[in-house]
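**Q** Same order as they appear, the protein sequences are chains A and B.
According to our numbering, the first sequence is numbered sequentially starting from 35.
According to our numbering, the second sequence is numbered sequentially starting from 30.
Simulated from the structure, these hints should not be mistaken for laboratory data.
Think of the CB as a built atom: it goes at the ideal place given N, C-alpha and C, for glycine as much as any other residue.
Among the clues, some could well be false.
Claimed, not checked - Reference listing, derived: stretches of chain B covered by chain A, where coverage requires no fewer than 3 residues with Cβ under 8 Å from a Cβ of chain A: (1) 72–86; (2) 171–179; (3) 193–207.
As the list claims (entries may be wrong) - For lysine to any residue, the following SDA-like pairs were computed, each having C-alpha atoms within a straight-line distance of at most 20 Å: (4) Lys61/B to Thr125/A; (5) Lys242/A to Thr122/A; (6) Lys61/B to Ile169/B; (7) Lys61/B to Thr89/A; (8) Lys61/B to Thr50/B; (9) Lys61/B to Lys173/A; (10) Lys173/A to Ile169/B.
What the hints assert, rightly or not - To give a feel for the contact side, a few chain A residues facing chain B, derived at Cβ under 8 Å: (11) Ala109; (12) Glu123; (13) Met172; (14) Lys173.
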Amino acid sequence: MLVRARALTKRFGRFTAVDGIDFDVRPAEAFGFLGPNGAGKTSTMRMIACASPVTEGELSVIGMNPATQAREIKARLGVVPQTDNLDTELTVRENLEMYARYFDIPGSVARSRADELLEFVQLNERANDQVEPLSGGMKRRLTIARALINEPELVIFDEPTTGLDPQARHLLWDRLYRLKQRGATLIITTHYMDEAEQLCDRLVVMDKARIVAEGSPLELIERYSTREVLELRFGDAERASLDGRLEGLAERVEVLPDRTLLYTDDGEKSLDEVHRRNIAVQSALVRRSSLEDVFLSLTGRSLVE
Amino acid sequence: MSAATAPPAQASFSDSLRPATHLFHRNWLVYKRIWYRSLFFGFLQPFMFLAAMGLGVGALLAHSNPNAFGPVGYIGFLGPGLLGSTVMQTASFESTYPIMNKIMWGRNYEAILASPLSTRNVVIGELAWIGFRIASISTIFLGVLAIFGIARSPLALLAIPVAALTGLGFSSWLIAFAATQTNDIGFSWVYRLVINPLFLFSGTFFPLTQMPQPIQVIAWLTPLFHGVELMRGLILGSLDLGAAPWHLAYLLSFFTIGLILADRSLARRLAS
């Protein structure tokens with residue numbers, strides 16, 4: 035196991051940020067922490083990255099103890115934080131070469147790695163520019179390049195695409211995917227379902243400082259949701275007179291403020307049944323189940339509120 | 030605090046030196062773009078001050094009481110005092126806004142601490158850098174004093190390490206303070222209530238013997254006074270050998286306590 039946690043707990047005074055969680059991250063997999071803001075994902079990441087001491091429980095990272103071997107662990111780790119923390123007083127290339135120095139990487143090695151990494155994140159044309167004028171996506175890519183300067187075995191991404199436009203997100207996903215192809219182990223926190231489904235081999239769902247489910251995206255969907263979901267929107271009048279009329283149409287019905295979700299294995303069939311019962315629908319959509327539905331069924335809330 | 034919540038074990042101060050040099054290097058990388066500007070102003074500022082106040086005000090004083098400042102005159106008294114206050118002000122500035130920037134606005138330390146460096150490496154690296162900056166400014170300053178014929182004894186060179194020690198005392202305490210702050214409002218209080226009074230009442234512009242007894246006692250308890258006394262003694266060759274060890278002991282303790290506080294304060298802020 036690359037990371038092993040047992041009854042891992044983080045408290046700040048009386049506040050419990052992480053409440054006795056267990057998980058294992060295997061070598062060369064992409065492991066996700068999915069959950070809403072405040073679920074304890076970042077606190078967990080900070081403990082793994084040796085940035086925050088463990089309050090209680092066990093944690094081993096690359097076979098070492100963060101409390102006593104932080105320096106050794108950090109030498110083999112890459113961290114991409116939630117908020118960019120590039121050195122804005124240095125150029126793009128200096129950011130990489132200076133960071134290499136913190137790892138005691140010799141100058142000539144640092145220069146050739148910086149070249150490779152700038153290529154990898156498609157920033158080679160901006161090498162001598164200042165950091166400030168770069169776009170959000172470029173800064174994120176530079177932060178990723180910086181996290182890879184020590185050729186880490188384990189790379190931690192804390193909400194890697196929050197705040198990026200769709201194009202920048204896809205480019206970033208592609209880089210993360212390639213990184214995994216090269217054999218790196220990735221830990222990714224996110225509150226985006228699509229991101230977790232795209233990138234993670236296995237993931238845990240966190241809510242209120244605890245792990246509420248664990249598995250591959252597909253396993254989680256099979257276990258906690260149906261194959262398909264029928265999303266219905268109603269006019270206000272129809273909505274008010276609905277009670278009981280949707281009964282028996284689906285395994286589970288979830289009423290959200292703006293729409294109603296019917297969990298069913300055959301969405302079209304359920305929709306036909308809705309029409310047969312003369313329920314006036316404003317719009318209807320049949321889609322595959324996603325991790326969002328898993329989270330909803332586990333907690334009764336949607337992830338991004 | 031229970032044993033489990035204690036911060037991770039850190040290397041000793043001596044083991045922290047090598048990683049700390051990386052931080053020094055980072056600051057050098059930024060500074061080398063502007064070093065000539067910084068040193069030019071480091072020259073211009075004391076030159077103008079001494080010309081205006083030393084020669085201008087000094088001439089007036091010489092009329093009213095020709096022997097008040099002995100053979101060196103007012104400018105000789107003022108020069109080392111200005112060196113002391115310049116050291117304090119430079120150290121204070123360098124240890125407040127730039128440190129807070131690296132803690133929370135630019136988050137540089139968050140990035141650096143994700144590398145093998147520890148908060149202790151960061152504290153030592155920053156202090157080494159500030160010590161270097163103060164030493165270089167003080168060297169220029171001594172050159173200006175030599176131009177005005179104030180620094181004559183070779184012992185004056187010893188004022189450089191004393192200047193660095195004095196500055197590092199202020200630096201370490203202010204880094205410790207900066208690490209407890211969540212915005213920069215606290216800094217203006219420190220400047221108004223600590224730095225400015227020390228600037229005026231530490232024997233910089235006039236001898237403390239002019240002041241009422243209570244103020245003299247208070248001055249004895251504050252750090253800048255001891256730094257200024259030592260620097261003035263070394264530069265003018267008038268060192269009071271009985272008092273000098275006490276001044277030095279004060280400055281050393283001031284810095285040592287500040288260093289311990291800065292180390293703890295930064296660890297509490299950034300590694301909790």
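**Q** All hints, please: hold or fail.
**A** Do the hints match the structure? See the list:
no.: 1; hint: 72–86; in the structure: violated (count 0)
no.: 2; hint: 171–179; in the structure: violated (count 0)
no.: 3; hint: 193–207; in the structure: violated (count 0)
no.: 4; hint: Lys61/B to Thr125/A; in the structure: holds (14 Å)
no.: 5; hint: Lys242/A to Thr122/A; in the structure: violated (35 Å)
no.: 6; hint: Lys61/B to Ile169/B; in the structure: holds (17 Å)
no.: 7; hint: Lys61/B to Thr89/A; in the structure: violated (43 Å)
no.: 8; hint: Lys61/B to Thr50/B; in the structure: holds (16 Å)
no.: 9; hint: Lys61/B to Lys173/A; in the structure: violated (24 Å)
no.: 10; hint: Lys173/A to Ile169/B; in the structure: violated (40 Å)
no.: 11; hint: Ala109; in the structure: holds (5 Å)
no.: 12; hint: Glu123; in the structure: holds (5 Å)
no.: 13; hint: Met172; in the structure: violated (17 Å)
no.: 14; hint: Lys173; in the structure: violated (12 Å)
Hints 1, 2, 3, 5, 7, 9, 10, 13 and 14 from the list above are not met by this structure, while the remaining hints are.
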